[in-house]
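Peer 1: So the chains spell out like this:
Protein chains: 2
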Amino acid sequence: MAKAPVLTPRADDFPRWYQDLINKAELADNGPVRGTMVIRPYGYGLWERMQAEMDARIKGTGTKNAYFPLLIPQSYLTREADHVEGFAPELAVVTHAGGKELEEPAVVRPTSETIVNEYFSKWIQSYRDLPLLINQWANVVRWELRPRLFLRTSEFLWQEGHTAHATYEEARDFAAHIQRHVYGDFLENVLAMDFVSGRKTVKERFAGAVNTLTLESMMGDGKALQMVTSHELGQNFAKAFNTRYLSKDASQEYVWQTSWGSTTRMIGALVMTHGDDDGLRVPPRLAQIQAVVLAIKDDGAVLAKVHEIGDRLAAAGVRVHVDDRTDTPFGRRAVDWELKGVPVRIEVGPRDLENGTAMLARRIAGGKEPVALEALPGLVPGILEEDQALLLKQSRERRLSRTAEVSTIDEAVEAAVAGGWARIPWSVLGEDGEAELAEHAVTVRCLVTEDGAVPDADDAPGNVAVVARAY
Amino acid sequence: MAKAPVLTPRADDFPRWYQDLINKAELADNGPVRGTMVIRPYGYGLWERMQAEMDARIKGTGTKNAYFPLLIPQSYLTREADHVEGFAPELAVVTHAGGKELEEPAVVRPTSETIVNEYFSKWIQSYRDLPLLINQWANVVRWELRPRLFLRTSEFLWQEGHTAHATYEEARDFAAHIQRHVYGDFLENVLAMDFVSGRKTVKERFAGAVNTLTLESMMGDGKALQMVTSHELGQNFAKAFNTRYLSKDASQEYVWQTSWGSTTRMIGALVMTHGDDDGLRVPPRLAQIQAVVLAIKDDGAVLAKVHEIGDRLAAAGVRVHVDDRTDTPFGRRAVDWELKGVPVRIEVGPRDLENGTAMLARRIAGGKEPVALEALPGLVPGILEEDQALLLKQSRERRLSRTAEVSTIDEAVEAAVAGGWARIPWSVLGEDGEAELAEHAVTVRCLVTEDGAVPDADDAPGNVAVVARAY
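One line per chain: the protein sequences are A and B, in this order. All residue numbers for the first sequence refer to this note's numbering, where the first residue is 146 and numbers rise by one. All residue numbers for the second sequence refer to this note's numbering, where the first residue is 146 and numbers rise by one.
Check the hints yourself; a few may be wrong.
No copy is singled out in the list; a pair is fine if it fits within one copy or between any two copies.
[Said to hold, decoys possible] Below, computed lysine-lysine pairings styled on DSS-like, alpha-carbon distance capped at 25 Å:
(1) Lys169 <-> Lys209
(2) Lys393 <-> Lys245
(3) Lys384 <-> Lys245
(4) Lys393 <-> Lys442
(5) Lys169 <-> Lys204
These are computed hints drawn from the structure, not numbers from a lab. Keep in mind it's a predicted model, so treat the numbers as computed, not measured.
One chain only, chain A, in its complex shape:
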């Protein structure tokens, strides 16, 4: 008899499957204020691991963490014209505080370019103060009319990097370095996620940027998700906030800037990329629990053995959790660990002990087989490495098999509506074609060069547009 599905199958209703999984794996709940979310401990544990891996990479670039205020005077937002136009519809505004109406309303930060520049202007005096490389881990609020847990929430957690440089070239190269060596490396080597790295069209650019770089990944249903972005801000904010430095030849120059962000949206991406009909599958390098050891029965020898196995796996460098909650039925616990996507599950009962074995279930590659207890510490690290590679391979193969090379706008729309991506020459599409795609809820995810690199210009010859429906 086939077991009853724990989740709505993906093929039946992908959005409902996503909601089911978030709920049953205890990742998050909807918050009481529209579009907000409560991140539950298991979901937050994923974020903590993302933070740790990302923070180390960010610090590796010489960037330091700092903290800027949540509340920004409303007038700051208006100083950069494109910026306020982009963010005005999404702002949450504090009008009263301390029992009084405020003289000037304060917006809850939707992003911090404006307030950061106010302080960069104070801190930067001369070329010796450059580059100034700052990052903050913070919450931001952007009001959402159609919220979806992790993907689009009115409040989300993120890191936002803000840097100031002496020259255009240096800023450009830094934005690209973050894109490739911080974000790209993290996605590929920790999240095991394939992506296309490209440049946003003018229409899709960050409000206030002169160039936006993006990493776009294909989700399990063939839609695209913008994973992270890295912006060249040019001198737009520097001019709006008078952020200047004394150059080596004693002239006052505006700084060149970048900003770049990654958010709790990555948790949603993780679910939609690696999840299957049994739940989440967490890449081993990300997993806060790489292996769980379950006691099947409340039996003294079994309980002693699961803890012994736990200790030996920990000594072998595995992040391990021992589940000895034998007052909860074994089957329910096994399903729960499957839902939560722990890569390796080791089950130990009295009969296993007699045989000197345990059942080892692989959540990612699949399969379940008895393994000699003695062999476990030697075996598990290798399984984790295999499974990390397998997830990346599956993610990459999905994109490659579901991306069509097309030469007309109609074909591009057709491919996207069918649940795939299309690659179409930008010279064929252009801004008019981009507007035409929008009528079918299809967008240009990014522009790439013929050989898949990031183009230097919006209209460089040979630019290819990657188009899809997107979250």
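Please arrange chain B on chain A, whose structure you already have, making use of the hints.
Peer 2: Okay, now just chain B, sitting in the frame of chain A:
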């Protein structure tokens, strides 16, 4: 010739010295919205180290991190009567969002007991779900009329723990465990700060708690600062939010709860406890930079040597920074590292190399002497341990020498106004005496037992009140 003071001397004007230090050591700036602050990289580095040390201790209790929304429906606050009375004057309120007026205003969280309980009510079903131990690292907003950087800011960063237990005793013991083994251990062994551990009077209790435990430390000017608090909430929030569980004998029971917090105020406390007229002195176990190696001159051999020393100190387990910015005058850099309170400064110039030595300056114990280069990796770890102990000793001696045993309210006021603490029997003081102290801006910091333990009750015989002026 004595060097010109970098800071206003403490004896001249303690509050100005504090402001000077925060500013010149680049810890923080005032934010543009009243009472907010920008935490600069060096100040934020202190917070990151505090977070890491504290987070490990919190996780050691079995508590897991999660994240609750910033915005709380205004109606939630009103459900617990004492709670809303305590916080109403400090609330910041979002009335407009997404371009519209909200149907129900949302408050920016001043603390999260209400919204946490809303979800605990959903997550807790039976005794199997208890204890539920949750912590979050977050920003909160409490409008401040007399803001002071780190000590009282309209927005601050903190961790807030929230737990639910099956019995009164378990909740009581958990609040005490956090107080002693998380907060107390952290203050003593990382911040090197002395404290008195006690119980708040009814007047000073957290709004909504049945008991508030506190750690109070003496600052450099003899005033008190409330460092951290841990509350027994009884069943107050459980009843307001109907947070119940099915007990083993199948009855519905309200949970017993605790909450506990520590904030960026600890950075201010660190300054006011360990700072001197030359700047901050950072306890070695907290310091993100324990030793700095300075190149005095732009000289190839010197530059090679400072990096070699840096590598060898790092290999010896020292958190080391190499300062080779020889385009900035050496004297200015030396003063800057003094201001920032880096425990050990190692200065290397061409003459030192000839002698095979470096100058080693100790920021905490004081003194500067030549040390053989070869000896440095063996020497520095021991110096750091010595200095950690010295700071704690100085902090403890300050409190002991400036605390008076008194037997009348007048004497208590006199001692506090003179810049010290007084210990007075609670049976002598009482709530009327507490009101009398308030007329002199003196407060009861906490109650302790005759032998310095935390009392079990407000009016236990032998209770002693520790009174002082406070930040």
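Peer 1: Please go over all the hints and tell whether each is borne out by the structure.
Peer 2: Quick rundown of the hints versus the structure:
no.	hint	verdict
1	Lys169 <-> Lys209	between (37 Å within a copy, 18 Å between copies)
2	Lys393 <-> Lys245	neither (49 Å within a copy, 50 Å between copies)
3	Lys384 <-> Lys245	neither (34 Å within a copy, 31 Å between copies)
4	Lys393 <-> Lys442	between (74 Å within a copy, 21 Å between copies)
5	Lys169 <-> Lys204	between (35 Å within a copy, 24 Å between copies)
Checked against the numbered hints given earlier, the structure breaks hints 2, 3 and satisfies all the rest.
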